[in-house]
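Respectively, the protein sequence lines represent chains A and B. So the first sequence is numbered by this note's numbering: it starts at 1 and just counts up by one. So the second sequence is numbered by this note's numbering: it starts at 1001 and just counts up by one.
Calculated from the structure, these hints are not laboratory results. Watch out, some of these pointers could steer you wrong.
[Said to hold, decoys possible] Listed below are several chain A residues computed to face chain B (Cβ distance under 8 Å; list not exhaustive):
hint, residue
1, Ala-51
2, Val-109
3, Phe-151
[As the list claims (entries may be wrong)] Capping the alpha-carbon separation at 30 Å, the derived lysine-lysine pairs in DSS-like fashion look like this:
hint, chain 1, residue 1, chain 2, residue 2
4, A, Lys-37, B, Lys-1172
5, A, Lys-123, A, Lys-37
6, B, Lys-1172, A, Lys-258
7, A, Lys-36, B, Lys-1172
8, A, Lys-212, A, Lys-74
9, A, Lys-33, B, Lys-1172
10, A, Lys-74, B, Lys-1172
Glycine included, C-beta positions come from ideal geometry on N, C-alpha and C.
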Amino acid sequence: MTTADLIGKILQLLMGLAVFAVIVGLLIFLIDKAPKKGRDYWQLVGFLAPALILLAIGLVYPAFRTFGLSFLDKGGNFTWDNFVWAFTQPSAIRTLINTVIWVALVPTVSTVLGLAYAVFIDKSRGERIYKALVFMPMAISFVGAGIIWKFVYEYKSAGREQIGLFNAIVVAFGGDPVQWLQTDPLNTFLLILVMIWIQTGFAMVVLSAAIKGIPTEQIEAAQLDGTNAWQRFRNVTVPGIRGSLVVVLTTISIATLKVFDIVRTMTAGNFNTSVVANEMYTQAFRASEVGRGSALAIILFVLVMPIVIYNVNVLRKQREIR
Amino acid sequence: MSSVAPADLPMKGGEGEIEVAVEGRDDPKAQRVKRRLTSRGATVAALIIAVVWTIPTFGLFISSFRPAELILNTGWWTIFQNPGFTLDNYRDVLLSPSQSSPQLGAYFVNSLFIAIPSTIFPLVFASMAAYAFAWMRFKWVNWLFIFVFALQIVPLQMALVPLLQFFSAFLKPGQQWLHEIVPMIPVQNYLPIWIAHTMFALPLAIFLLHNFISEIPGEVIEAARVDGATHGQIFFRIVLPLAIPALASVAIFQFLWVWNDLLVALIFSGGTQDAAPLTQRLAEMVGSRGQEWQRLTAGAFVSLVVPLIVFFSLQRYFVRGLLAGSTKG
């Protein structure tokens, strides 16, 4: 990077912020000068306008357009081929199956681990540190996590000293080193492990907060009744945090359905590891198959939709109670 | 921010002592021993999980300070048998001007300069819209609010292709024009990424800020109106200062989201030093130089440093923002 480049970039940043400030200032000025008649109405329009225009261009129009594109072939004629391809081609079917495996494993395993960990460290000494350690992966990028784990899965041919932790352990027990990320179907599960590593922290933090929200009297009452720890967990803790469990499961499910960066960074979808979100990118932006990419985006939309609707309903009910 | 379930992180309460006292009352010895045993098992399990969770990051961190030939030929856990410490990896990836170096310095600047406006822009527009949705009462506004909220269902992937086409039709000429006037600013500038991030952030940011702003007592705003304040003045002098905690949470979450993003960058940045962020460069390095671990380890840590600082210094706000924003994408 030359100094001129850097100056250009700083200039861009300052200009961008300045132009933005001018736009907002002008808007507020116009809002305050709105005509007397129907003043509230015009001011309202002024406050909403920027967000609504951006949403219309950035989300509403593209959503309809993508829907249309998914039914067009390369010549621009109507076709079902994109969807037929997505549900009949072996590689595309594999992508769908992988996505199902991801969604089946990541939310359940992360939630169980997160819950167990939250219970174990509850009220223990150094709880804050315990939390921070497991929660930390949540702050770093999926790309960073991908590199971290690719290093753990690193392979060196037999006879050389292994620098990847997994292979070092395998060799220490007398086995032969494995090319983890190229071994189908094991590789998909190893990618899933990375996502679990990230999402467990999220599950743990939410559930830990929920556990602390259970009234102490309930737990004391159960103790007086002579229950053991497991019974208290089953009959008091779990029912007490049911709402949070649902939020955690659904949230992680949505994140998992859309997982892209991990697959892209670690295998780029090769060796039969692709998932819908990654394949969408590959088809639309690498293979110039815009129709297929759009069809995959629609499939993703259909998969995500019920979970989001369910999640929204749960949240709405919770807020009504409050 | 009372939007999504438990936003706070209550720390140690005083329940522990009560528990012990109650148990101590009947059959003291047996109960106490049993309790200690189960809690010891739990502590060991927690310790194991914590260690397993930290090891991968720790290994990468150690490796980033080891000389190249040691990284590539010995495991990082043998650091004591094969000692060696160097900052060359960081110097190489960040500062080296040589063509073979990943030159992450430029990308670091890009990441920062993408993330700052991409946090400010949506925050301002979203708080304006949230104010309108909360305090201006028209019937159709409520329907519009529900519609904006429902837009969260649309996955990013659905917007990418048409938005890229839209940008190359309407934004590209402007970028070209700017480049001709100010040659220092490349044709491929930050503008499309800023706009894309702003657009994608709006539905959730509006929703979260609306929740907060609508809870500001109505009397405060009515009083200001009676005194003749305009909506502009109320927004800047009353609503924004009161909404600072919510703004902070949303801002931190959005900043990290943008800093860690790969997908939006891949589509809209053009992929060169001019505008691509760190994540994109790193993903590319993994693909093309997957064996140069001395560079990958140091590079990965360069990209992790900012989120980790934000995480450890603003953990409380970060957790709130994350809990509230966990349905984004």
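Pair hint outcome, Lys-33 of chain A versus Lys-1172 of chain B [Cα-Cα no greater than 30 Å]: violated, 34 Å
30 Å Cα cutoff - pair Lys-1172 of chain B, Lys-258 of chain A: Roughly 29 Å separates the two Cα atoms, so the pair holds.
Evaluation of the interface hint that places Val-109 of chain A against chain B, nearest CB under 8 Å: Violated: closest Cβ of chain B sits about 13 Å from Val-109 of chain A, beyond 8 Å.
Hint validity - Ala-51 of chain A Cβ closer than 8 Å to any chain B Cβ: Since the shortest Cβ distance to chain B is 4 Å, the answer is holds.
Straight-line alpha-carbon gap Lys-37 of chain A to Lys-1172 of chain B, limit 30 Å: violated, 40 Å
Straight-line alpha-carbon gap Lys-36 of chain A to Lys-1172 of chain B, limit 30 Å: violated, 40 Å
Given pair status - Lys-37 of chain A, Lys-123 of chain A, alpha carbons within 30 Å: With a Cα-Cα distance of about 62 Å, the restraint between Lys-123 of chain A and Lys-37 of chain A is violated, given a limit of 30 Å.
Holds or violated: Lys-74 of chain A to Lys-1172 of chain B, with C-alpha atoms at most 30 Å apart: Since the Cα atoms of Lys-74 of chain A and Lys-1172 of chain B sit roughly 24 Å apart, the hinted pair holds (cutoff 30 Å).
30 Å Cα cutoff - pair Lys-212 of chain A, Lys-74 of chain A: violated, 57 Å
Cut-off 8 Å, beta-carbon criterion: hint that Phe-151 of chain A touches chain B: Nearest chain B Cβ about 6 Å off; hint holds.
The structure shown violates the earlier hints numbered 2, 4, 5, 7, 8 and 9.
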